[in-house]
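Participant: Here are the chains, one letter per residue:
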Amino acid sequence: MALIQREALDREDPQRRVPIAEAFWWAEEDHGLLGEVGSYNTPKDRHGEYRGGTIGASPAYSFTAHIADLSVDVETGVTTVHKVWVAHDCGQALSRRIVEGQMEGSVYMGFAEAIMEEHVVDPEHNGEHTGPSLLDYRMPTFLDTPDIEALIVEAPDAQGPYGAKEAGEGPLHPIIPAIANGIYDAVGVRIDRLPFSPPRVLAAIQAREAEVAAGHVQPHKTNARRAG
Amino acid sequence: MLRLPRLDVLMPATLDEAVLALQSPGSRLIAGGTDLLPNLKHRLESPTMLVSLAGVRELSTITVDDDAQELVIGAGATLTTVEQCPQVRAHAPSLCSAAGLVASPLIRNQATLGGNVNLDTRCRYVNQTDFWRSAIGGCIKSEGTVCHVVPGGKNCVAAMSSDCVPVLISLGASLQLVGPNGRRRVAMKDYYVADGTRHTTREDGEVTTAVIVPLVSTPRRAGYSKWTVRGSIDFPLTSVALCFDLERDEVAAPIAGATVVVGVLGAKPRVVTRLDEVVGKSLSDPETAAIVAERVHRQCKPLANVPYEAPYRRQMLRVHTRRAIEALVADG
Amino acid sequence: MTARLLRFSVNGEPVTVAVEPQRTLLEVLRYELDLIGSKQGCDKGDCGACTVQIDGLPRLSCLTLALAVEGRDIQTVEGLGRAHGGCHPLQDAMDRWDAAQCGFCTPGILMSAESLLRRSPGPVTRSEVREALAGNLCRCTGYTKIIDAVVDASEQMAAPRDETEAAQ
Ligand SMILES: Cc1cc2nc3c(=O)[nH]c(=O)nc-3n(C[C@H](O)[C@H](O)[C@H](O)COP(=O)(O)OP(=O)(O)OC[C@H]3O[C@@H](n4cnc5c(N)ncnc54)[C@H](O)[C@@H]3O)c2cc1C
Ligand code: SF4
Ligand code: FES
Ligand code: FES
Numbered sequence: 072m073a074l075i076q077r078e079a080l081d082r083e084d085p086q087r088r089v090p091i092a093e094a095f096w097w098a099e100e101d102h103g104l105l106g107e108v109g110s111y112n113t114p115k116d117r118h119g120e121y122r123g124g125t126i127g128a129s130p131a132y133s134f135t136a137h138i139a140d141l142s143v144d145v146e147t148g149v150t151t152v153h154k155v156w157v158a159h160d161c162g163q164a165l166s167r168r169i170v171e172g173q174m175e176g177s178v179y180m181g182f183a184e185a186i187m188e189e190h191v192v193d194p195e196h197n198g199e200h201t202g203p204s205l206l207d208y209r210m211p212t213f214l215d216t217p218d219i220e221a222l223i224v225e226a227p228d229a230q231g232p233y234g235a236k237e238a239g240e241g242p243l244h245p246i247i248p249a250i251a252n253g254i255y256d257a258v259g260v261r262i263d264r265l266p267f268s269p270p271r272v273l274a275a276i277q278a279r280e281a282e283v284a285a286g287h288v289q290p291h292k293t294n295a296r297r298a299g
Numbered sequence: 058m059l060r061l062p063r064l065d066v067l068m069p070a071t072l073d074e075a076v077l078a079l080q081s082p083g084s085r086l087i088a089g090g091t092d093l094l095p096n097l098k099h100r101l102e103s104p105t106m107l108v109s110l111a112g113v114r115e116l117s118t119i120t121v122d123d124d125a126q127e128l129v130i131g132a133g134a135t136l137t138t139v140e141q142c143p144q145v146r147a148h149a150p151s152l153c154s155a156a157g158l159v160a161s162p163l164i165r166n167q168a169t170l171g172g173n174v175n176l177d178t179r180c181r182y183v184n185q186t187d188f189w190r191s192a193i194g195g196c197i198k199s200e201g202t203v204c205h206v207v208p209g210g211k212n213c214v215a216a217m218s219s220d221c222v223p224v225l226i227s228l229g230a231s232l233q234l235v236g237p238n239g240r241r242r243v244a245m246k247d248y249y250v251a252d253g254t255r256h257t258t259r260e261d262g263e264v265t266t267a268v269i270v271p272l273v274s275t276p277r278r279a280g281y282s283k284w285t286v287r288g289s290i291d292f293p294l295t296s297v298a299l300c301f302d303l304e305r306d307e308v309a310a311p312i313a314g315a316t317v318v319v320g321v322l323g324a325k326p327r328v329v330t331r332l333d334e335v336v337g338k339s340l341s342d343p344e345t346a347a348i349v350a351e352r353v354h355r356q357c358k359p360l361a362n363v364p365y366e367a368p369y370r371r372q373m374l375r376v377h378t379r380r381a382i383e384a385l386v387a388d389g
Numbered sequence: 058m059t060a061r062l063l064r065f066s067v068n069g070e071p072v073t074v075a076v077e078p079q080r081t082l083l084e085v086l087r088y089e090l091d092l093i094g095s096k097q098g099c100d101k102g103d104c105g106a107c108t109v110q111i112d113g114l115p116r117l118s119c120l121t122l123a124l125a126v127e128g129r130d131i132q133t134v135e136g137l138g139r140a141h142g143g144c145h146p147l148q149d150a151m152d153r154w155d156a157a158q159c160g161f162c163t164p165g166i167l168m169s170a171e172s173l174l175r176r177s178p179g180p181v182t183r184s185e186v187r188e189a190l191a192g193n194l195c196r197c198t199g200y201t202k203i204i205d206a207v208v209d210a211s212e213q214m215a216a217p218r219d220e221t222e223a224a225q
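Chains as they are written, first to last, in our numbering: chain A, 72 to 299; chain B, 58 to 389; chain C, 58 to 225.
Relax, there's no trap hidden among the hints.
Distance condition first, Cα-Cα at most 25 angstroms in a straight line; then the derived DMTMM-like pairs of lysine to aspartate or glutamate: (1) K358/B / D207/A; (2) K154/A / D155/C; (3) K358/B / E195/A; (4) K211/B / D193/A; (5) K358/B / D144/A; (6) K358/B / D193/A; (7) K154/A / E185/C; (8) K154/A / E188/C; (9) K358/B / E146/A.
Since the hints were derived computationally from the structure, they do not count as laboratory data.
Working from the sequences, and respecting the hints, build out all of it.
Facilitator: Structure, rendered in structure tokens:
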């Protein structure tokens, strides 16, 4: 039997054919749910003696690069990330769409941490969490999330299952420094605390402007361009 | 999972039945429920009966009364309807903007304008589960006796957080109310009072039946500026409604009258005063925007009641006011 | 409170069910009618996981009193594929694009997206999708594949094509 163009056909007699979905229904009627169970465990002995070395991390490290296109509003401190390109070496991609989805989700979560998400407990109110629901704990909506373009880089790893490395946590990390560098490139301030919230970015911009006015630092390139 | 307290629900078909039902003690009016139900789930109130306006058809019409020169918006009209209604767009475009900026499309499909103008005041210390509140012993507006926003304060300063209210006040709108003592009409600028536990002059059992916006035949430019962290779902963190009457129908024309109303301060929206200085100046004159922004900044002091930094919100009021005027000018 | 009889239609079928007045539509769907596709996320309007259609409009069932839908027509994700003999083109597209990861937001997203496609005469743009789905949060996907899938479904509905080839 062969599965071609949404049809299952008899190889000996190609005239005998039914839609694939129907073939699966028949098969499941006869045999129950069609499926196969398998598993892969990360080797425990690949990593060194360091703390966390035995948790069973994937045998090879993955690599990721991010580029963020953003603008910073110098009057409000609001950083708008327009687009993110994420290139990730996941080893062999077992399903490209799923790997892309993991990369996009990772960008989202890192971007969210960079721009707005924050766990704050309030020591003046018995350590209450200040964002205890999905209203006060703000996570980006469809309208806040940048366009994300995922670029898979495949460098298979012999130790991993079918050559895979990982596509879970790796593609998250670089977006935060990418955005921090983008802010620096745009307005010349280095923010080293998360999130890069409007009040924080604005305070840094204003502090820098004061330094410029006092003659301690050079105007940033954008300021120079605007003045000229 | 947040359960509603045990209560009864009444679904009257007419306004008269609703007003009658509201006279029984423990009853509470519900329209779209997008404000009241979260508050009940948070155990901020304990009514024994909800009287729903969902079945009262007569409240959801929008009409232009040519004789009275008024746009009459039924309190039961949803915010989606208000946003998309051609008559509202023609006569009160800034109201369309404000309605379209409330919460999310899903909430706007359900939320009513009557509910929006009667939206309860909001505060980071009160709009939480009763479990969360129990760790700080509540506050004046809930189970407690103190205010966490103004320590030592005796008055609740929870924020009037409706997007439509500042716009409606700026347009000179009034409310039509029907209650056990009959009908009355009240100017929206007089409807709100500075008490977060009861911030309207609505009497017990009174129903808002319509929001009435006077039509103007003279040239006008009106706009609304809302800032929040997210592009959707969030309540406003800064909220400024502006309305300029002009001597001619162009933005370069001199201003004949200016009204600016700011929300999300305390329980009462603030009508900015001393704007006479811009009367006679051109709307497109950059000095106009600078003067208005300065007045707003000077008179409006956001509090730590809503979940964002108050000093930043105050700074931003100046920026967003100026930009809102620049946007009106850019639109021509 | 004593339970009252509520009559309404769910996915085209008339339903009569006894409900306590303080129940939300979401609770009745999930716990009385066993329609657990609609999800209980925040239960207070913040997330959109509970989105169903009431008389064709997407709304939040966690903020709707059950008794308020007397006589009205409710569509849930369970009924979405009915007119399409199995799966709605949106569901097919979500599958092709792997647009569901944990899947918790998916039913709500489908109900918002279906309403957008029904209102749009032809294919939709990415920004239209963003606007229409702005009340539905997703924690997993970064929204990208969801937007891809909704745009793809709208194109597929406007001009059907063989998706077996498209997926290759
Ligand atoms: C996640 C979320 C985000 C939100 N964001 C915003 C926002 O950005 N901006 C904003 O303005 N609002 C926001 N809201 C609040 C709310 O959705 C709206 O204000 C809405 O318009 C309230 O209308 P409703 O019909 O749902 O009111 P309900 O909840 O039914 O009623 C609200 C109050 O008004 C009273 N009331 C209702 N109708 C009448 C009437 N006809 N006469 C007298 N009293 C009446 C009720 O008794 C109740 O006290 C948000 C809500 C949620 C859950
Ligand atoms: S302003 Fe004070 S009293 Fe009012 S809700 Fe907030 S903490 Fe409570
Ligand atoms: S469960 Fe209804 S909006 Fe979150
Ligand atoms: S797929 Fe997990 S929340 Fe959207």
